[in-house]
Amino acid sequence: MKKRLFLKVVVLLSCCFAPATLLARGTAVVSTEHATVTLLSEQVQAVPDQTLWLALRFELIPHWHIYWRNPGASGSAPVIRWTLPAGWQTGAVQWPVPGRIRVGPLTNYGYEDTVSLLVPVEVPPGPLPAGPQTIIAEAEWLVCRVDCIPETGRLTLELNNAGSGSITATETRELFTAARAQWPAVTTLAGDYHLEGDTLAISVAMPGTLSPAPADVWFAANEWGPVDASGVQRWEQTATAVTLTVPAGDVPPAGNAPIEGLLVVESEHKGTPVRSGYPVQLAAQPLATGNRNPGLLTALVFAFLGGLLLNIMPCVLPVLSIKILGFVREAGANQRRLTNHGLVYASGVLASFTVLATVLLILRAGGASLGWGFQLQSPLLVTLLAYLMLLVGLNLSGIFSVGSRLMNAGQSLTGYSGLLNTFATGVLAVIVASPCTAPFMGAALGFAITRTGWEALTVFLTLGAGFTLPVLLLSLFPAWLKFIPRPGPWLKTFQQVLAFPMFATAAWLLWVLSQQTDARAYAGALAGLVAVAFAAWLYGQWRPGSWRLGLLAAGLVATLALAIGPMVGSDAPAHSRTAAPDETPWSEELVQELSAAGRPVFVNFTAAWCITCKVNEQLALSTDNIRALFEARSVAYLVADWTRRDPAISQQLERYGRSGVPLYLLYSPAAGQPLVLPQLLTEGIVAAAINTL
Amino acid sequence: MRKQFFQMTIIILALYACGSGAAPRIGEPAPDFEGVDTHGEVHRLGDYRGKIVVLEWTNHDCPFVRKHYGAGNMQDQQREAAAQGVVWLSVISSAPGKQGHVSPGEADELSRKRDAQPHAVILDTAGKIGHSYTAKTTPHMFIIDAAGKLVYMGGIDSITSANPDDIPRATQYVRVALQEMAAGKPVSSAVTKPYGCSVKY
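Just so you know, the sequences run in chain order A and B.
The first sequence begins at 1 in my numbering and counts up one residue at a time.
The second sequence begins at 1 in my numbering and counts up one residue at a time.
For the record, the hints were derived by calculation from the structure and aren't laboratory data.
Please read all numbers here as calculations on a predicted model, not as lab measurements.
Just so it is clear, CB atoms sit at the ideal spot from N, CA and C, and this is done for glycine as well.
A few of these clues could be false.
To be verified - Now the stretches of chain B that chain A is said to cover, found in silico as 3 or more residues with beta-carbon under 8 Å: (1) 31-45; (2) 54-68; (3) 131-137; (4) 188-195.
With the rest of the complex left out, here is chain B (with noise of 0.2 Å):
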């Protein structure tokens, strides 16, 4: 009796509970997701609860993610980001048979070729952590505070073209919040437009 009363609860609780699940907000609760790196670990996104994550959705062939990684901006922020204890974590979106679709041992390779420095990779192939956020572009930045809200979304920089020779002319958005999260003060520009190529969801 006691097990089917519950199993009446539960179904009544998962009735309140549907409908929730919109685009993300800044200010809310970030979307919570569940993915898979290029060595088989598990992230989830109330795993770092306490700390802060920048989300980089990225594809490794079109030309706006290339600008950036080979520029070595990306690399840089990437840097800098770990110094400051940010867990940043690239999204690959690309469905298979898309561009920038990679295995995991390829990613891994890019990683090391292009000496890039993400906490992780996170392969995203049926694109469910993409359609949660969103995602549009490669590449598409986020940022998520210690309390697990959404705080920026948008562009790495404020320069929408695929010309290296404008990143150092461009505000480097993620760098600007990231440092005024370190100071305590609100993210200014916590919405801006993400350019680059579609997502290949």
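Only chain A is shown next, with the shape it has when bound in the complex (with noise of 0.2 Å):
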């Protein structure tokens, strides 16, 4: 605080005496109501056929800014016309190091206090005309604290022929050096980005780590468009690099087009903030080898998210809906009883998650080359996730109750069979999630795979925290759950109706599933479903009895060999997905001939049950302007499609850091390594890659 003030006495003592020295050494002034502006010549004369500095140097009013070269959100660079000597050229500016400067929700990139803009001039080689050159700067800057003030200064310098035998004052001198202790790093620092929806993953290689340890660092483009200025930035150092998420600006960056910018490093040192720059080029970065996806945090923070929203899920909501109406009807009898079956819940779903993830980190150990929707890709397993949709929504429609009825108040959560029934309800869950996961998650969890395995555990055990959290909260505190109805005849119209959700889920189950086996199999997988009714139905109508658990068993034997004989049959992998007249299946072989052909090649990998592809399949692949692009480009479309497992479609995946789809490739035949747009596509994003070849 001490030290702030000390500086500003100094500021304002320097823009007292400042200008009337460096006046006195040949300069020019110009004073507004909030700024001085002063231009001066590092050397007093000029040199023919050398480079002489100039510097436009602003001292402002406390609190006042100007900007940067990219003013942010708002405002406006300075801008200086130069008229000069004939022959005389100038370079670029300077531009120092900027601060961010915050109004409101919105951030700019600027200056307080006093800064120079340098700029070289280059005096061509051959005498000078007699007598003083004059140099004159017409200024024009926008300086704002909240509102704004355009301002202009016309600055009239005149500089000495060489010879005539002035030396530069010392103070002059001081002031340049200081200028350039502002300037960014000389060397430019190579880095990557990728687009990720709304944004940008970048990453900059750093010769060593950074000293001090940066208190923050943020990137700011040199233009205005591909990064949002006002948006919230997150970083990491690691060894070799600074990685950071950036969100994206209103023109996001398209192709293979590159970033140039200004990496910004703030660190304390001796108790005063410092600020350091690094010009920074950033390549579109296609390929995602392990080590520069998003961070673990990242991926804890989408788990975490991913697991909430699954509770919302079609197929989940109503096995949810049905333990909240159960805890409703519980709320204020015996408060310790039902946190202990929101904690058993909770324990039902996390154990589900780990073993899910272990099955899967074991099966991919043992040389497997599965992704996240392995679940999906057996035709086996999709039918019984099929069936068990089925067997819930009859439940649900009150065809058959299991246990304890849920019309039996006060039964269900009693006792260790209540708690056990608990457990089970967070087991199925799970369970009933699998294939929701898959569609809307799998890219995120696929690349959770790819991790160790200790961070995929976490990664899943997030998801299952997440997906626990609302039953377990509202286990701890049944009083939020008053504004529900209390439970009368509307329960059992309202459970009718969530049938429908699980029906729903079954049906697009059978779809998937006609995308992968033959009219064979599916017709086994169909008469199972009938089966599995009639078996339910059969279960419902007796009387309880221990028979009649036999004779569900029985039925579900009889069901599932019906089922799954045609389906090992099928198992291989001439599945008839039907294609599109002009879909190609993808090989590598084929991508490397028409490459060879000079043909661009745009690869989607995709699978029935991915509805994330589904969509930009639907809304930014088949639309007539992009087949239109595509034929215009003649560029060849290649379908990838991993409904069914696939170990050469797995292993491309994972070679650009994906462990499920989607995956879109475009192969320019200059270019050696295809560009990877994002997971969410929009026509403007396919057309901007294509317009890139």
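Assemble the dimeric complex from its two separately framed chains, guided by the hints.
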């Protein structure tokens, strides 16, 4: 605090004295309400065939600022128009490292207090004309605190010819030295970026670790467009690089366009804030190699949110609603009992996620080329999940009931069997949720799996934590459920309505199955569906007795035999997905062949059960505009269908750091590496990518 | 029973409805809004389905706004738009006590004095409309087509200065976009750099 005050005093004093002393050495000054602007030359005389450095020095009144080359969300950079002796050429303005200036929700880049903009001037060879050389700078600058004032100034400076004897004043030399100390580093650091949705993931290679440890690191693009200056940025430092996630701006980079900008590192040195900058050239990064994917923390945040979201998926919500309604019935009865149930439910969910992740990791460790969504790649598992959805739906419809009836108030939540029931609900919730994670969260979870075992497990458990949170919270605070009407006859109707999302999920799974198997196997699965329904109905009809469980089991065994028989026979890769006439199945050889023939190639890695893929295909890939564009550029369109297991496709996905679909690659005959398009496509993104060819 | 059933259904539908609402994007439905104008009339974007709507963020004390009103550029474009049947809404998102905040009477007086011809001036004192469009500067322009989709966002023109002398040399993006739309063509510059003072939220 004291230091800042001191600084201000110094600045204020320098405002009063500095211009006066500098003026005596041949400078030009313009004073406005908000700024004192001085035009200085580093050398008193111009020397032919040498670079002459000029500076426009702004001394601003406290709290007011002017802008960097890219002003950020609002504002405007200073503009200088030079009038110079014939043949003299100005170079680019050397912008010092800017600071971030926040105005409400917006962020600008600029300078407070004092800033010098240096400009190199190339003096041509050959003798200079006689007499003093006149330099005129007409400057326009916008100076703002919250409100903004545009100001202008015309500054004229006269330089002596070489040999006329003057030497540069010490103050001037020091001033230029001090100004250069504010510049970004000389060498441009190489980095790369890739666009994921609305976020740019940036990685910049650093020659060594930053010292002292930075307090904050942020990226500013040199021009308006690619980066949203006002958005929140996150950064991480590794041994060799700094990685950042930066919100994309109004014009996100398209195709292979590089981004130029400044990496600003803020740190503290002996209690004084220090700001240093590194010019950065970011190349579009098509290849997502293992270590430059989003950090674990990002993955965890997304997993948690994804888990929360799972609760309202049509396949899960009905199951949970019934549990929550059970809490409503119990609300106020016994808080401790309710809490126990919440905890048991949570452990059921977490245990199931652990099992699921472990199974997948063990299979992968065993060498199987599996990604997330593997549970939907096996026709058998899809069939079983469809049966499960049907059974839950029939249960909700009231065709049969299991164990403690929901209507038996108080029964279901008491005692040991009640707790077991709750644990089972947790397990059931995860099983019915598992087909939903693949279409919506496949890519994110797929990424998690490519990490080490512990990290993958952590991601899955975080997903589970997000998934379990709403029910757990409601068990702790049943009072929050007051808005739900008391159980009554409406509950029965409500439950019956909830059956339909389950039936819809079953129908969807059957559609997926239809893409995976031949007609014979499909017919078997449908017959099995009828048998399941029949078994459920029988079970519901009989009065309670130990033998009815046996009957159910017998029915299910018969069902499975019916369904699985043909399924095993059809497990051959000759699946019957009906490709559109202009779709060519992908193979790596075909890509190489087409590339060698000089044709660009677009590869769509997709799966029938991947909703994201289907949406992209509908909205961005199969529109008339895009089809026409593909045709005009003679882009070959290949489809890699991962609806069923395909090790070649799995390996290709893994090469690009993915363990799930969608993946979109655009091979240009000129470039070696394909361009990786984002997972969420728009017509604009596809068109921009193709236009870079 | 029926009432309770519907109550529950609505709760669930509401659950599904949340989670929408991000920054506006070209080609996607523009954020709907409800704003009150200087005469106390309510304007909703949905009311203008079938018409082209221009949104102009403004703040009469901002030098960049003065540049375009002082030279008559903004008023000319407002008149041209009105002649084409385009609904031009000026939006003031300045918070009370901040620059550009005006009472309905003052806003009308400003329109009269400057001979401005917007369809209406909406007072977005809480900044709700501004935030939903992520309006950053004054002026900041948005064009919404007859189907309610956002087709343009950015600056009023191409030279980002506060100097009125630059207006004749600049490309007037909004004018060009409206002409292109009238000719049935896609907007050639759909996203440009908005420039000016920050919106005083």
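ask   = Has the segment 131-137 of chain B got at least three residues whose CB is nearer than 8 Å to a CB belonging to chain A?
value = holds (count 3)
inquiry  = For the segment 31-45 of chain B, count the residues whose Cβ lies under 8 Å from any Cβ of chain A; is that count three or more?
reply    = violated (count 0)
message = Please verify the coverage claim for the segment 54-68 of chain B: does it have three or more residues whose C-beta sits within 8 Å of some C-beta in chain A?
response = holds (count 4)
Residues of the segment 188-195 of chain B with Cβ under 8 Å from chain A, three needed, outcome = Holds, because 4 residues of the segment 188-195 of chain B bring their Cβ atoms closer than 8 Å to Cβ atoms of chain A.
Violated hints amount to a single one, hint 1; each of the other numbered hints is respected by the structure.
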